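**Student:** Spelled out from the first residue to the last, the chains are:
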Amino acid sequence: LFEKQNQLNNEEIRRFGRQLILPEFGPEGQLKLRNSSILVVGAGGLGAPAILYLGAGGIGKLGIVDHDDVDISNLHRQVIHKERTQGMNKAVSAMLAVHEIHPQCHVTPYPILLDSSNALSLIKQYDVVLDATDNVATRYLLNDACVLAGKPLVSGSALRMDGQLTVYNHNGGPCYRCIHPVPPPPETVTNCSDGGVLGVIPGVIGILQALEAIKIVAGLTENQTSHSFLIFNGCYSPMFRSIKLRGKKENCLVCGENPTITELIDYVEFCGSGATDKEASLFVL
Amino acid sequence: LFEKQNQLNNEEIRRFGRQLILPEFGPEGQLKLRNSSILVVGAGGLGAPAILYLGAGGIGKLGIVDHDDVDISNLHRQVIHKERTQGMNKAVSAMLAVHEIHPQCHVTPYPILLDSSNALSLIKQYDVVLDATDNVATRYLLNDACVLAGKPLVSGSALRMDGQLTVYNHNGGPCYRCIHPVPPPPETVTNCSDGGVLGVIPGVIGILQALEAIKIVAGLTENQTSHSFLIFNGCYSPMFRSIKLRGKKENCLVCGENPTITELIDYVEFCGSGATDKEASLFVL
Amino acid sequence: MSDLTINVEFSGGMELLFNNVRQHKITLPAKSPLDNSKPAQLRDLIFYIRDNMMTEKKDLFVEKDTVRPGILVLINNVDWELCDELDYELEDKDEIVFISTLHGG
Amino acid sequence: MSDLTINVEFSGGMELLFNNVRQHKITLPAKSPLDNSKPAQLRDLIFYIRDNMMTEKKDLFVEKDTVRPGILVLINNVDWELCDELDYELEDKDEIVFISTLHGG
Ligand SMILES: [Zn+2]
Ligand SMILES: [Zn+2]
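Residue numbers (this note's numbering), protein chains in the order written: chain A, 1 to 285; chain B, 1001 to 1285; chain C, 2001 to 2105; chain D, 3001 to 3105.
For the record, the hints were derived by calculation from the structure and aren't laboratory data.
Predicted model, so just to flag it, every value in this text is computed and none were measured.
C-beta: ideal position from N, C-alpha, C; glycine also.
Treat the hints with care, since some could be wrong.
Quick look at which bits of chain A chain C covers, simulated, 3 or more residues with Cβ under 8 Å [claimed, not checked]:
| hint | region |
| --- | --- |
| 1 | 33-43 |
| 2 | 158-170 |
| 3 | 189-199 |
| 4 | 244-256 |
Required output: the full structure, derived from the provided sequences and hints.
**Tutor:** Printed below as a string of structure tokens:
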């Protein structure tokens, strides 16, 4: 059972010593991690390093959602899984890996497909949500559920040599719908299975998602005033670019002043494509 | 035994499928990884993700140098090690983790302290070297050995919330001595044991070291003309900054036109501090 | 000055519509071709790209006289919503990025 | 203009010498205090910081009239070796970063 504590125990003090001596973090920061819960949706290329570093770094409670099983073609980038966990549900495989490093981390695997019927009740149990998924419908679902539940959403994505990172619905900033009120035409959307991806690319974005989540639960983002969008390309110079992002939009359908989306909708219909569509896109974009 | 191959086998085609369909990488790029060898010096906070992603991503031969054993205080950031490998040599522990993901990767652990007597003969056996160490003396040692052996050096470092990344001695660019002809005063140097580090920070830099090494062996840096230095701070905006770096210096003592360093020297004496000094620095800088 | 030089970059997969070339220097008239009394706006750049740099799949870039959903436009590293969007008046040496939002993971 | 405003940033641990503040706006005379016929140079900025912003541990920043070994200086995101180093003539709104090289891992 996950219970909040008033102080770190001796084992935690030994384990997290290098973080405890950080002046801007310290035992207070570590205790905040210990008492926080983070839901990672997707234990694939983004989720793998995110889960590893969140679990190893001292987050008290981790939820991991993935309905998929480990396949040999995942292992080049989903480094939390192993040859011996092939065929195992990815959320369970990820839990085993966290426990090998830090058995005291409370991990709950959810071997389910997230949808409008189950997302909100799940998200309400966590402090921060990581979007480490691979399709547009789930991205809108997670966004709306996080707005309705009042949770920050750390969103990462990767394809080919490119990656993107944004924190939504945090510190008065925009939500995913503020930036993308209309979903992209389905024929312009490619996932990593179809478009390919260099394994380290989602690795870089996933580990940065862990960093953003740690900063949020440790209270390191409290003075943050502007909101940014990080663009990454592994083969380009500069590799990283930070973009100043618009604020929350007054007329946003879900987080605006007069929201019309007050409960979760049918996201497959809204996006014209679902979470499990495996057919190749018409155009590789 | 590590032998170069003319083509990928069926198992490799299944495993690396997502990288094979990348237009800028393809089966040619994957075969280059398969036939490459990379030496990672340090299986700590930087080395952990670097080794995981290099091994999982398809590098044919990995050498791992670390004389240290796994300690509980490493696990928050050195996510390649596990509770059950506490007390084991880190290079061996890292090898076990790579083999759990990709047993066909040829890994050689070197449970030794690198010094002037052994560095050059070791480095000559590899195509690229990763500097994932934690002290100034070893950084100069690795630099000079890489220049003398003609190998690119992918150098990462991390402390507190900060990280830095540079590729030295590659494509006509500078070496570490070109940038730092004189070592810093020992009292200004801090390692992660003394200064602390947030676990994800070396994670970000280490995985970027893997990316740079992959780009070099896959031939993706051949058209690169300028050389850059990446600065990272996890709590600052922008998180990343790319700096245009000077070129190779004509008067560099090791890579210049009339080098005076033609064999490895005593780096502990040169730096005024060694690879195993554990005493706290006078000033935390 | 009668021409502007705009640094255009396509990213996140958009570059595949432009022969996989990410960076382009585009020279545009300083006055809008739609209304010669006005300075050139971002709208004019988008139409210029559609009409002069694309032969097919134009609907993957432009839809209803603006960029299609899923493309973010960045003006000198700032979200175009903070800079008047289509009405933004171009300045010489502006850097405009068209980036396709990624959804993979 | 008789004054320059320089954006100075300390990074990689250097900020610990300056109350853990990374960004500073520094106003300097546009002429060098060492030679009033010359424009202010990077050297003048370094001396200004040493003499006006530090009370102790000055040797952790300056040694032999330049920055100590282990500090890299960046002028508008470019290594100062590419820009005349100490002789670089400061311009208004320049961004100068002093970064301590890290060795941890
Ligand atoms: Zn919104
Ligand atoms: Zn050199």
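**Student:** For every hint, state whether the structure bears it out.
**Tutor:** Now for the hints, and whether the structure bears them out:
no., hint, in the structure
1, 33-43, "violated (count 1)"
2, 158-170, "holds (count 6)"
3, 189-199, "holds (count 6)"
4, 244-256, "holds (count 3)"
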